[in-house]
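Student: Residue numbers (our numbering), protein chains in the order written: chain F, 57 to 693; chain G, 129 to 1186.
No wet-lab data here; the hints were simulated from the structure.
Note that the coordinates shown come from a computational prediction; the quantities given were computed from them, not determined experimentally.
Check before you lean on any hint, since a few could be wrong.
[Stated by the list, open to error] Derived DSS-like pairs: lysine-lysine, alpha-carbon spacing no greater than 30 Å straight-line:
#1 F:K489 to G:K422
#2 F:K489 to G:K433
#3 F:K231 to G:K453
#4 G:K1030 to G:K239
#5 G:K1072 to F:K493
#6 G:K281 to G:K381
#7 G:K377 to G:K505
#8 F:K493 to G:K1135
#9 G:K453 to G:K487
#10 F:K82 to G:K756
#11 G:K1086 to G:K199
#12 G:K624 to G:K452
#13 G:K599 to F:K493
#14 F:K581 to F:K357
#15 F:K473 to G:K642
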Amino acid sequence: MKVTRNIFMWVSLLALWSCENVLDLKPLDKLDSETLFSDPEGVKLYLANLYYQTPIEDFTYFFNGFNINTGDPNNSGIAPAIQTDEAIGSEFAGLSPWGSGDFAWWDQGYKLIRDVNLLIEAVPTLNISDNEKKVLLGEGSFIRSFAYFALAKRYGGVPLITSPQEYGGDVEALKVPRSTEKETWDFILQEADVAIENLPESFAGGERRATKWAAYALKSRAALHAASLAKFWDKSPLSGTAVDQKLVGLDASEADRYYLACIEASEAIMDSKRFNLYQSSPASPQEAAENYRRLFEDPNKALEEVIFIKGYALPGTGTGHNYDIWYNPNQTSNGWPHPGRMNPTLELVDSYESYSNPGESSPIVTTLDGMVGDDNGFDRNKSYKRFSVENPYQLFEDKDARLWGTVILPGTTWKDKRIIIQGGYVLPDGSAKIETKESVTHNGMTYHTYGAPDWTQYSGFDTHAGNMTRTGFGFKKFLQLDDNVTPSWNQSTTDWIAFRYAEILLNHAEAVLESNYTADDARSKAEKSLNSIRRRAAHTVDIPLTLDNVLRERKIELAFENKRYWDLVRRREYHLLFNNATKHALVPLLDLRVEPAQYIFVRREVSRGTPLTFPPQYYYKPIPGIGSNGLVQNPQY
Amino acid sequence: MKKMKSSLFHGMAPAIYMGVAVQLWFTTSVFADREVPMEIEIIQNNTFVVSGQVTSSVDGLGIPAVNILIKGTYTGTISDSEGSYTIELPMGNETLVFSSIGYLTQEVQVKGNTRLNVVLQEDTQNLDEFVVVGYGEQKKENLTAAISNITSKEIQTTTHSSLAQKLQGKVAGLQIRQNSGAPGDFNTMINIRGFGSPLYVIDGIARDGASEFQRLNPEDIESISVLKDASAAIYGLNAANGVIIVTTKRGSKGETTFQYNGVLGIQSPTNVPEMANAAQWMEMRNDADINIGKSPYLSQEELQKYQGGLPGYESTQWYDETMKKWAIQQQHSISAQGGNESVTYFTSIGYLKEEGLLKSNDINYEKYDFRTNLTAKLTDNLVADLNIMGRYDKRSTPGENFFNIFRGAISSLPSHAPYANGNPSYPGLVTDGQSVNPIALSDRELTGYSEEENKFFQSSVALTYEFPFLKNLKVKGLASFDNNHYMGKSLFKSYKLYTYDETGDRYIPTELRKPSTIHNNNADNNRSTLQAHLLYNTSLNDRHNIGTTLVYEQRRGWGRSSALSREYQFFTNDQIDQAGTNNMRNSGMESEYASISYLGRLTYDYVGKYLLEVAARYDGSYRYHPDKRWGLFPVISGGWRISEEDFFRNNIRFVTNLKFRGSYGLVGQDAGNPFQYIPGFSTSGGGGYEFVNGNYLTGAASPAIVNPNLTWFESNIKDIGVELGLFRGKFNLEFDVYQRDRTGLLAYRNVTLPNTFGGTLPEENLNSDRVRGIEFSVSHNNNIGDFQYNIEGNFNFGRTMNVYVERGPFVNSMDKWRSGAANRWSDVVWGYDLEGQFRNEEEVVFAPIQNGELGNTRELPGDFKYRDANGDGVIDGNDNVPLFWGGNPKMHYGLTLSASWKGFDMNALLQGSGNYSVRFTHAYATLFWAEGNHPAYFYDRWHKADPYNPDSEWVPGKWPASRLVQDMGSMYAESSAWRKDASYVRLKSLELGYTLPPAVLGHIGLKNVRVYANGHNLFTVTDPYVKAFDPEKIEGQLNTGWVYPLTMSYNLGLNVRF
C-alpha cells in the first residue's frame, strides 16, 4: 500500500516536469521576409522606414542631422536657416562654432541606400502583379536618387553602390571607390528618370508616396544644383587629389546640359496643368499674407500647389517635431522653457520688396533723412521716424505680404497676444539704455527697457534663458496659430512640403536665365511664372525677368524652407556673403523724449554676435572614415 | 493518503490557531512564575562556597577563563589559568552554568556539594557549523571554497530599510555602496569582489534582482551565504559574478515562541553643502563682470542692500525651505515559531514605513510582508516543506522627480523669494539654473504625484523522501512559483507659478508643464522553477566520507507589461477615464525566458583531513542558437586541514584549525540581447511614415547581420585561501587571493567595414578582462568574566584589468599610450596635473598656454595652473596623464567591535571604501552654472580688495576669481581641483542594548526583553570637499550630485520574546 502510494506520488510529480521543448522560444518582435513582402501592406511597412530615412530637409532637420525628434532632441533649435543670412539663433551665433561637421550625412545615407537596394533586389522575386512591381521599382529609384542627391551635394562624387553588398569576411571586396562628381550627378538624374518612367501619376487614397511628378520635381532640383555647381566652380575653385581625379568639381561645359535637364523636368510639371499656386489672386496684401501663412500651417489645404508632402501624424518621440516649441516667441511659449530660438535677420527683412517700389529690395529706413545703411545703432543727434506705442509695425506697412506671413513684427498680435519686442528706451535727456534690464519712472509712469516688468511679458532682447529675439523679429512661418501645441518635445504635427509648385517655377526661371535658354517660348513662360508668384503676394505691377529679380523672389518666397543654405552653396555665394560678416537687428526703442512716448527703430549689429566666415573648403564636407573605406578625401581636410 | 492529509492538518494547526496557543502558553507560564520567587525569598541569607576545576573533554587539561554563573542571575566568576574556580552561592537547590567559547555550555546542579569538578564537552556544534552552499549545506570546516556566511544576529545590528545596508562592512569581499538615500529606492550597489551584480538565490530558488533581495524582511533571515569563487559554478549561467544565498528561518520543535521587534527612529541627511546666500552670490556676480573688465553688475548701494539684508533684499535658503531637518522611520515585525514531532513552522508579519525629507511630506515608502515556512513530516520517510511569502509595498513621490526638486533647492538664486509678494498662496515663478521653484515642485497638491506599488508572491513546495532501505539516500522534488505585480501611477499636473505686478496689484500666472497628464503602468512577471534532487552521503570505513548531489532544474519566466497615458483638457480627477481623449497613448510588451540545467556534485574527504569537491552544471539557455545554447560549467576545489594531521595536532596545540584550500572553475554570464541568431525584420528600430494624413504607420527595419555563434561570456575563477583558528576559535583568520578571467565579452569586430556598406557587424564574443584581488578577515572573541567581546575585521581590494580590447591598429606609440586599453587597469581617469594656482598676473603671462586659441587671455590670478607634461609650452589633450581611480571603489573594509557585559551589549561597525574618486558637474562644480546658485564654499575666492576699484590688490582665496562659465579659462578641465579622492571611513553603525535580567522577566511573563538604541552613518572621515556631498553617494544623473541625500539615523528598538 505504502509503496504504491509512493510510486503514485513520484509519477504524478514527474508529470509536472514534462519539458516540451522549454528552450525553443521565438522572439516576439521579429518578422521573416516572406511574411513581410507577401502582402502589399507588409511592403508598405518596409517602405515606411525607407521614406522615413529619405533625406528630406524638413522640420526635424537640424545641424546635427535628419529626424532629430527622438527622445529629448535638444540641439538648441539650430536649423539650417540659422547658418545662413535668413536668421540667427537666440543663443548661439552659428557657423563657426559648429564647424565643418554640420549637416553632414554619410553613414545614414549608405544605410538608406543598403535598405533601398534590398528592396530593389527583392522586387523581381515578389509574388505581386507586374504593375505593383513597377511602382515599387519606381519608389526605390526615387528614394535612391534622393539619397545620392543628398550625398552629392555634400561630398561631390561618391561611391555608387546599387545592390546590397554581402559581407563574407573580406573587407577589401566591399570597398568601392568614389565615382567622379559628374558620374554621380548623372546617376542621380538617371535614377530620377527610372522613377519618372515607373511611377504612377497619383496614388489612390492620396497616399504620400512618390509620384511621377515628385520624381520630376526631384530631377528639377537636382539638375539645377548640378548645373549651378558646373557654372560657378570658378567662383571658389579648390585643388587637390579629389579635384585632379574629378571627384569634386564639374566642367563649366556641363552646366547647360544640367540646366536643360532642369528646364525639361520643370516644364513637364508645368505643362501637366495638374498644379497651380494656392490662392493665386488675393484681394489685399492682408489676405495674401494670411494665405501664405496658411499654406505652411497646413499644406493639406493647398494640395493644388503641393507636389510632395512629408507628413507628421502622431505627436511623440520619433513622430512629431519641435518647430512650435523652439520658435514661438517667448510670450506664447505656452509654458515651454526654451522658445524664441529662431530670429529672422534684418538682412532678410530688408530684402522684401515694398508695394510702392516693385522690383527692388526695400531696406528698412528708420530715420527721417531716408538714409539707408546706417547700422551703427542709436545716435541721439539723428531724427528717427516715430511710431505710436500701439502701432509700431506701421514701419512695415508697405512691405511685401510674405514678410507678414513669415515674420512676427514688433507690436503685432500673435495667438491673441501683443508681441512686445523692445530693446530699450531713450531717456528724456537723450541718453539711451539698450539691451540692459532696467526701469525708469517718468512723469508718473514706469517704463521698462524691454517693454514690460517681467520676462514672461515680453519677447525681445533680454538675455533671459536665451528665449528672446535679438534681431527684433520673431519667427512665424510654419507655426500653428490656433492650436496650442503641447509644451513638450515632439508635439508638432505640421506636415512639410517637400516639393511645391512655386519652387519648380523658380527653378525653371533660374535655369532659363542662367543657360540663356530661349526655345519653346521659355523666357515668356518664366516671366509669367515669376509674376504669378508675386501676384499671389498681392503685387499688382509685373517686373521683368532678370536674374536679380528671380533670385530675390526665390529668397523671399522660399525663406526658411531650407533652400537658402544650398542656394548659397551651389551658386558659390556663401564665402562671399560670410566673409567676417555679422548679422543685423532692428531694435525698437521707446523714446521718452516725446509725450506720450513713441517708438523709434535703430539698425545695428546683433548683440553677442561673432563675425562669421565661411571657409571655401566647407563647400564640400569631409568624408568620414577614410581610414577604412579607402576613399580619397575632399580638398583641405 | 488519509494519514498524509491529517499530518498536514496538524502542521497547519499551530499557525492557524496561534491565538489559542498564545492563551494556553500564558496560562502555564504565569503559573510557573509564581513558584520561583517564593523559593528565592526563603534562602536568600544562607550562602556557601563551591570550588573545583573545569577541564576539557578533549585533552583533560584545565580550561582557563570559563564563565561560571549562578543560573538566573548575573552573579558569577571565572576560572583561573588552571581551570580552577571558587564561587559563593546561596544555599538550596542551586544550579551553576559553565560556559566557554569552543565548548558546550553546561548546567550543573550543586546539590549541596562544595567540590565540583566539571568536564566541558567540546562544542562540535559550533565547530561543525553548517553553511548553506549551492543546492545543499556543508560543514564549515569541510568547505573547500571561498564562502562567507553571516547569520541573523550579525545582520540585525544595523538599522536600515534596505537589507544591503545591514550587510555593508560585515562580510569580506561583499562590496556594498549606498547610491542614494531615497525611501524605497533599493538601488544600493551590491557586488562580490568587484565582479559585478551577483545572482541571488532565496531559499534554493534563483530569485534574481538586487532590489528584491534588498526588500527582504531581515527578521525572516536565518543566514546569508556568499559564494565568492568558482563554487558559484553550481549555479552555471549568470553566476559568474558570484552568488548570494539567503535562507529564511524555519521552526524548531518545542512550544511556540513569539518574537516582536520594533524600531523607531529619525533620519537626517549626512551632509548637504551649504549654498551661497544672496549677499555672497551678488558679490560674486558683481566680481564676474568686474573680472572681465565689464562695469559692475550692481551699483555699490544695491550690493550693500543685499549685504545688509534690507527689506526686499533678503536671502532665501532654498534647501531649508524645501527640505526637513529629519524624517521618521519605523519597522515592526512579529513572528511565531515552534512545532511538534510532525510539524514545525515559522511565520511572521512585518511592517516598515519610511518618510522622506521633503517639507511637503510627499515622499513616503511603506512595506508590508508575511512569510510562513512550514515543515511537515508526512510519513516516516517523507517530509514536505512549504514556503509562502507575500509582500506589498508602495512608494509615493510628488509629481516631479526628486532630481528636479533638488536641482531647484540647489540652483534657485538666494535673491529670489519662494512666494510672489510673500503670499504663500502664490508660489513664485523662479526658474534659475534651469530649475523651477522647488517648493512648488515638491507639493503633491500642485504638481501631482507618482506612486509605485509592488505586490510579490513567492512560494515553493518541496517533498523529500528518504529511502528506508538505504540510509542517507534521499530524493527531493521542488516546485516553485513566484509572481510580481507592479502598478505605477503618475499624475503630472500643470501648475501655475506667479509674478507679482505691483502697479496693478496683480499676480500674473505662468502655467508650466501643460497639459496635465495621467499615466498608468502595469507589469506582471512570473517565474517558475522545478527541481529534482538526488542526494546520497556515505562513509566508508568511517574514513572516506562521500557526498553526492544530482539535480535537474528547469526555470521559466514570462511577463507582460502595459502603459497607458492620457492628457487632460481640464484636470478633473486622477482617474484615467476622466482625462481627455486627445493623444491617448498606450504601449506594452511581453517577454519570456527559459533554461534547463543538469548538475552534479561530489564531495569527498578522508577523515576530515583531505577534502575534495568536484561539481559541474550543464546549462541550456533559450537565448542562443540551438547549436550554441548548451554549456558545461565545472568546478574543482580541494583542501588540506593540516591541523587534523597528528604531527601537527600533537605539536602545535594552540592552533585548532589550519586549512589550505584552492578552487578553480568556469562560470558563464549571459551576453547581449536574446535571439541574436535569428535574422528578421523588426518593427522596432525602424522609422514610421504618414502615408495618409493623420495616419501614422510604424515601419519595419531591415534585418541586421546576425551572429549565430553569439554566446555567453566565460569566467575562469581561481581562488587560493588559508583558514586559521587559534585557541579553540578565539582567534580566526581567513585569507584569500583570487583572480577571475573573463573571455568572450561582447564587442564589435574591428574589421571596420567601409562606412559605405550600410550595415553594422553583429556583436561577437571578443574581449576579455581580469579581476584580481585579495581579501581577508580576522576575528577575535573572548570573555573576561562577564565581559564578552568580539572583534572582527575584513578587508578586500580588487581591481579589474582589460586584457584584450578589440580595436584598430594604433597610429603610433603615442596613440597607444593615450588610447590603449588592453592590459591596463580599468576605471582610470586621465587629467591635468594640477600645479597650483597662479599667484599673480605675471605668472599667467609666462605660463604655458592652457586655453587653446584664446591663449591665457581669460586666466586670472588664482586660476588653476596645470603641468605641461610634454613640455611643449601648450597645455592640451597631450598633457593629460592617468591620475585618478574612477568612480568605483576598489578597496572595501569593515571593523566590527561587539561586547557584552551582564545585560548590556554594544556593537560598533566602522566601514570604509577607498581607491575611487568623485567629480561633479553643474552647480556643485561650476560657478554660476546656467546662472543659478552655487555652493557657499566658492565664496572663498580670489577677488579684488575693492570691487569698485579695478586697480586694487588681489585678495587670494581657495577658489579662482568669479566669472561666468563662458568667461572662464580652462578652469573646469579634469584635474585634482575637481576630481577628488572619495576614500572614506565611517562609523556605519553603533548599537547599545540592554537585556532585562531573566529574574525580572519572570515577573512579567516574558522570555526575553531587549531594548536598544542605535545609529547609522554617524560619523565620517573623508576629504573635506567630498564630505559635503557624502563620499558614498554617487554623482547620479548628469554627474550633478543631485541625488537624494544619504541619511544618518538614530533609532530606538525593542525586542521581546514571549
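Student: Determine for every hint whether it applies to the structure shown.
Tutor: Results for each hint:
no.	hint	in the structure
1	F:K489 to G:K422	holds (16 Å)
2	F:K489 to G:K433	holds (24 Å)
3	F:K231 to G:K453	violated (66 Å)
4	G:K1030 to G:K239	holds (25 Å)
5	G:K1072 to F:K493	holds (26 Å)
6	G:K281 to G:K381	holds (21 Å)
7	G:K377 to G:K505	holds (18 Å)
8	F:K493 to G:K1135	violated (76 Å)
9	G:K453 to G:K487	holds (9 Å)
10	F:K82 to G:K756	holds (16 Å)
11	G:K1086 to G:K199	violated (65 Å)
12	G:K624 to G:K452	holds (24 Å)
13	G:K599 to F:K493	violated (93 Å)
14	F:K581 to F:K357	holds (27 Å)
15	F:K473 to G:K642	holds (18 Å)
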